[in-house]
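Protein chains: 2
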Amino acid sequence: MAEDVLPTWRHGPTRQSIIDFVRRTCGADGSAAVPVEERVAVFDNDGTLWCEKPMPIQVDFILRRLAEMLAAQPQLSERQPWKAVAERDFAWFSRVMAEHYAGDDTNVRTLGAGVLAAYAGISVEDFEQLSDDFLRSARHPTLGRGYLQCAYAPMIDLLDYLAAHGFTSYIASGGGRDFMRPISQDVYGIPRERVIGSSSTFAYTSDGKRGSITHQPEADYLDDGPEKPIRIWNRTGRRPLLAAGNSNGDVPMLEFTQHRDKPTLRLLVLHDDAEREFDYITGAEQALKRAETDGWTVVSVKNDWMTVF
Amino acid sequence: MAEDVLPTWRHGPTRQSIIDFVRRTCGADGSAAVPVEERVAVFDNDGTLWCEKPMPIQVDFILRRLAEMLAAQPQLSERQPWKAVAERDFAWFSRVMAEHYAGDDTNVRTLGAGVLAAYAGISVEDFEQLSDDFLRSARHPTLGRGYLQCAYAPMIDLLDYLAAHGFTSYIASGGGRDFMRPISQDVYGIPRERVIGSSSTFAYTSDGKRGSITHQPEADYLDDGPEKPIRIWNRTGRRPLLAAGNSNGDVPMLEFTQHRDKPTLRLLVLHDDAEREFDYITGAEQALKRAETDGWTVVSVKNDWMTVF
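Each protein sequence line maps, in turn, to chains A and B.
Here the first sequence stands for residues 226 to 534, where the numbers follow our numbering.
Here the second sequence stands for residues 226 to 534, where the numbers follow our numbering.
Rather than coming from a laboratory, the hints here were simulated on the basis of the structure.
Treat the hints loosely; a few may be bogus.
Where chains are identical, the list cannot tell them apart; a pair therefore holds if satisfied intra-copy or between any two copies.
Stated by the list, open to error - Subject to a maximum C-alpha distance of 25 Å in a straight line, what follows is the list of computed DSS-like cross-link-like pairs (lysine-lysine):
(1) Lys-514 - Lys-434
(2) Lys-278 - Lys-487
(3) Lys-308 - Lys-434
(4) Lys-527 - Lys-434
(5) Lys-278 - Lys-434
(6) Lys-527 - Lys-308
(7) Lys-514 - Lys-527
(8) Lys-434 - Lys-487
(9) Lys-514 - Lys-308
(10) Lys-487 - Lys-308
(11) Lys-487 - Lys-527
(12) Lys-278 - Lys-514
(13) Lys-278 - Lys-527
(14) Lys-278 - Lys-308
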């Protein structure tokens, strides 16, 4: 029954557009059903599946690592990004992001180099343990809940609803793929092999008997903007039917989610609820414009979601 | 019943080692079963899942494309690899591969540049159509069968047997990922999202309304040697339980397939049947040595397979 589905979504045109799309995909409206193997949905993570304010969860993870490095090697305090950590100059990180949104990536590269250095040489198994420990224990700084409880309940409802209708959902995040993998099944019901995200390069080393894979201090790619559809293709070999995002970096992924002969749905989460979550559109201006001109479905946190977490 | 499984494999120690491994994985021998989501198996393609002689099937695909380019632009005949195509100098291709095995990749790079140029600018959908048309129509030059009938029946039996016991199998090929994808489900029962292989880089371009992904004349990576375990990690986030290969380029993948606390199986296909297929070990010398010192299971085409195709 339509009444039972998406229980955390308020009745209204947004919820209805999701239900209509799924009905069309399954042929419940009398049209030809899309074959199950083609029912691919892709979701941005930060700000789409879980909270990204006051800073993306992975940034907290990285800041703690930079602080550990600083404790072990105090002379790092002379260089960014450790300098900002040493001086508790969190405004530096905000400035770097503001510069990034303004098109200047000089300091983003400095920050990125620090982040990559922070995990250089670590094995993929040890990195997974670090991420898993952090995500299962650390708490959000203002929301009064653990990070894993910062996933949006309506999006988890949506993932469940899609799975029940034969969809295969992937996370297509600008964040670190291997950072999310240990918890994606428990939090979203998405297995690790369906997490697409940014990654460092790796090295394979062997002692002649056993081999291991270690993180290298170099970005393989940043899974954002036009890289998102490319990485989705690399992983899935499909053009998705549904894409959900919340920022300018998601525009190419949403645009790519388009077929001449199949139903598609593009969802853009609008953070407009200072009461229950956060209220911001910085970094989403172009996406909101495209939603208006191209008829993408804007999901208002305030109006469309019965509960947020 | 053990009698019913792997019907195209001759009874003997090789078939038994597969059955023992699967029984251990499933806990049928009284040990703890490996959770289903960890039952990952990886298979090289050329020479492991299908025939790679007298040349890898994709080489035939590429040679036809080079010939088409030559017909459209005859001046290409002054440059390799088109020169070799124009002069029907197939020995040049053999020399390039011999140099490659001897450690000299100068001409491999020339050949690679030609191959990449051959598909530059083509959309992923159009490339898929070219590959699909070729693979479903072209025939093997000496075996008297279509290319899709050059897959090894015992390996398809093995894939089925693993799937029936909760395994998720991936193709981890040095060949082109997008070349194999259109037929992997039909031939092997492996869906396109589980094909790992080499790839060119891609570009995402948008006209402001729609976006498309096109092949670029640059290799993203060659999925061979130490790159294989890295690409398997990138795609699956797992260390496999089973790996099957046939050449030196598969050694790191087989070596990586190792756990302290879980059953593993490493299979190396030995081509020793000039009667029914081909007889060669060139390019597999190191792998055969490792199989001997490390106890990997050598699969003799001649002795272990009841039928080849």
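**Item:** Structure versus earlier hints - violations, ascending order
**Value:** Checked against the structure, the hints that fail are numbers 2, 3, 4, 5, 6, 9, 10, 11, while the rest are satisfied.
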